[in-house]
Amino acid sequence: MHQEEAILKVTGLKKAFGKKQALDGVAFSVKSGSSFGLLGPNGAGKSTTMKILTGIIKPDGGRVDLLGRDVSGQKDWVAKYVGYVPQDITLYEELSAYDNLLFFGQLYGVKGPELRRRIAEVLEQTGLTERANDAVKTFSGGMKRRINLGCALLHRPKVLVLDEPTVGIDPQSRNRIFEMIRDLNRQGVTIIYSTHYLEEVEALCDEVAIIDHGVVKAQGPLGVLLEKHGRKAIYIEAGGLNDAPDVPNVSRVTKEGAGWLLETEHPAVVMHVLLQKAAARRWDVKQIEIVRPSLENVFLSVTGTALRDE
Amino acid sequence: MKAIIVKELKLMIKEKGNIFFLLIMPMLFMLMFGSLFNKGNDLSVEIHYVDQDHTALSQTFLKQLKKTDGIHLKNESSADLSSLINKIKKGQLASMLVINKGFEEAIKEGRQAQVKLYRDPAASSEVSAIEAVLKNIANGYREAKLAKSLTALGENKEQAVKTLTPPIQIQNINTTGEHIDYISQVVPGMTVMFIFYIMISMTKRFFKEKESGLLSRIQSTTMKPLPYLVGMWVPFVIAVIVQSIILLGFGHFVYHLKLGHLSALSMLIIGLSLCGTGVGLALSVLVRGENQGMAITQLIALAGAMVGGLWMPSYLLPFFIQNIGYFTPQYWALRGLQDIIVHGADVGDIWRSLAVLAAFGFAGLFVAVLRFPRFLKSATH
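Taken in order, these protein sequences are the chains called A and B. Read in order, the letters of the first sequence correspond to residues 1 to 310 in my numbering. Read in order, the letters of the second sequence correspond to residues 1 to 381 in my numbering.
I should point out that these hints are in silico values taken from the structure, not numbers from a laboratory. Treat each hint with caution, since some may be false.
[Unchecked claim] List time: in silico BS3-like cross-link candidates among lysine-lysine, alpha-carbon distance up to 27 Å: (1) B:K2 x B:K14; (2) B:K210 x A:K20; (3) B:K10 x A:K137.
Assemble the whole structure, with the sequences as input and the hints as a guide.
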């Protein structure tokens with residue numbers, strides 16, 4: 001399959017729970033081998049989308065194509081190619097890591113020596129070979145998250161769907177999981193990663209869809225989105241610069257910390273003018289830099305609101 | 001399905017609460033009820049006696065008493081007679097048999113020998129049994145004396161026996177192989193009652209699976225709803241079979257409960273496990289939560305035990321309760337078990353119990369299969 005081909009295509013996905021319209025025409029596509037982030041606040045429709053992609057729930061309308069095939073009524077087809085890591089740690093805590101992997105491997109249709117080999121590989125990937133026979137309830141939160149992820153890998157899925165897989169764990173464990181995901185992506189597994197953490201998408205994904213109120217507001221490669229919707233600005237902090245500097249081509253000036261943030265479509269020109277003014281007026285420049293557009297700005301720009309937790 | 005069965009069996013073994021609830025508790029109940037009421041079946045009577053004669057004939061008399069089934073003798077000859085009589089007055093002793101001095105001499109001389117029975121009128125049932133035994137022995141002596149007189153009058157031995165044969169003979173005919181003792185009520189009764197408690201374990205497992213998100217996750221695999229449901233059910237069927245074997249085995253080894261035809265017993269255990277777990281499966285997918293499941297289980301297990309005759313024989317219950325009992329699986333399970341254990345019934349004799357238990361079980365399964373998609377939907381949302 002060509003790298004640029006869409007491995008997954010979602011069109012007009014609709015789902016209502018009672019009177020609540022959870023998804024209202026969600027549409028996006030994911031390129032094969034990419035790491036795709038579905039970014040949105042809680043209640044935006046991320047988990048519902050993930051559950052539809054993995055065949056757990058049926059949509060009221062719309063269509064999902066996986067590897068060029070409509071997945072409607074094709075549960076086995078989806079299970080064969082997709083691995084799903086749910087938001088919660090869904091493991092049998094009384095059973096060992098090995099038994100959990102054995103169970104999920106069997107449910108994905110892997111058997112016999114192949115399953116035993118895959119369990120050994122996954123234990124290696126998750127760094128839990130030494131703890132394979134210990135009950136999961138004795139594991140730390142991070143270790144449980146890793147096994148939770150491992151259970152979705154036994155059948156070598158082409159697409160790995162992760163629904164907020166790092167909720168409630170420490171930064172070290174989060175980095176470990178990120179490394180696992182990057183490794184899988186390097187091995188050719190397409191990643192679909194849902195989160196409400198901007199920094200996770202920035203750290204992991206090369207392509208993003210922003211979802212809010214059951215609708216995808218924007219989608220594209222991260223760089224393109226940042227370029228298109230991100231706020232470009234110059235930050236300057238200098239002794240003697242007490243009032244907002246008056247510079248052409250600046251759309252807005254705001255006080256930020258000890259300095260000033262100048263929003264502009266022409267950062268290079270604005271920086272040049274600022275440096276000239278600083279020399280002429282003998283400002284003691286402590287910091288001057290082009291501010292990198294952030295995904296937070298993109299989210300604000302496309303949804304009109306800041307990314308919220310609830 | 002095999003993966004689900006194996007996983008559930010592993011979880012079941014690790015859940016210590018199951019062992020307590022399904023095995024230890026019914027055994028404790030059996031021990032408690034067994035020790036409380038099992039004495040009621042012990043019909044043996046102890047006769048305290050004082051032999052003042054100390055002769056060969058007084059010893060023969062005591063030997064005859066000892067030979068009687070259910071009679072145990074206790075020699076009190078060394079004790080003071082007045083203190084023994086005081087014991088009777090205080091209610092510490094029910095009766096006291098005294099063979100007076102001159103017992104042998106009186107018999108040899110053809111006079112009436114004296115045997116005194118001191119008795120507490122309040123203990124009439126126990127003393128009546130002793131009295132009956134003594135009268136029986138006295139009759140024996142009288143018959144021997146009569147036979148001797150008849151022989152002396154010229155009748156031969158056969159004619160004398162014929163003359164002394166009573167005109168009416170009372171024959172005791174047992175209509176069943178064994179009698180129903182209390183243990184034959186308690187052990188099968190407690191076994192049947194506690195088998196229905198498997199429904200609590202089943203409801204707990206289904207809700208844990210649902211609320212932890214595991215059921216939802218399993219839906220993302222190749223597992224289909226029906227094999228999942230059957231996979232969750234089979235381990236509980238196995239658990240109930242093991243539970244029944246252990247509880248009835250406990251009754252057999254501790255209380256010498258006879259188990260009857262093993263083929264019939266096996267069939268009934270299978271029927272009982274299908275019934276209990278079938279109803280449990282339906283309950284697990286019908287109720288809204290664990291607490292509701294627990295409350296309904298208590299209702300089914302306790303009310304069924306009461307009206308089904310698990311606590312006391314059905315025939316002792318009021319007529320209308322007996323009629324309600326016929327609609328409970330517990331009644332048919334107990335009846336089947338007692339038919340096997342007490343009456344020596346074989347598979348063909350318990351077909352009605354088997355049919356009722358299987359009907360309840362498959363009705364539960366049918367409801368569970370119909371209702372499961374809704375349970376699944378609530379789990380995935």
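Going through the hints against the structure:
{"no.": "1", "hint": "B:K2 x B:K14", "result": "holds (19 Å)"}
{"no.": "2", "hint": "B:K210 x A:K20", "result": "holds (22 Å)"}
{"no.": "3", "hint": "B:K10 x A:K137", "result": "holds (15 Å)"}
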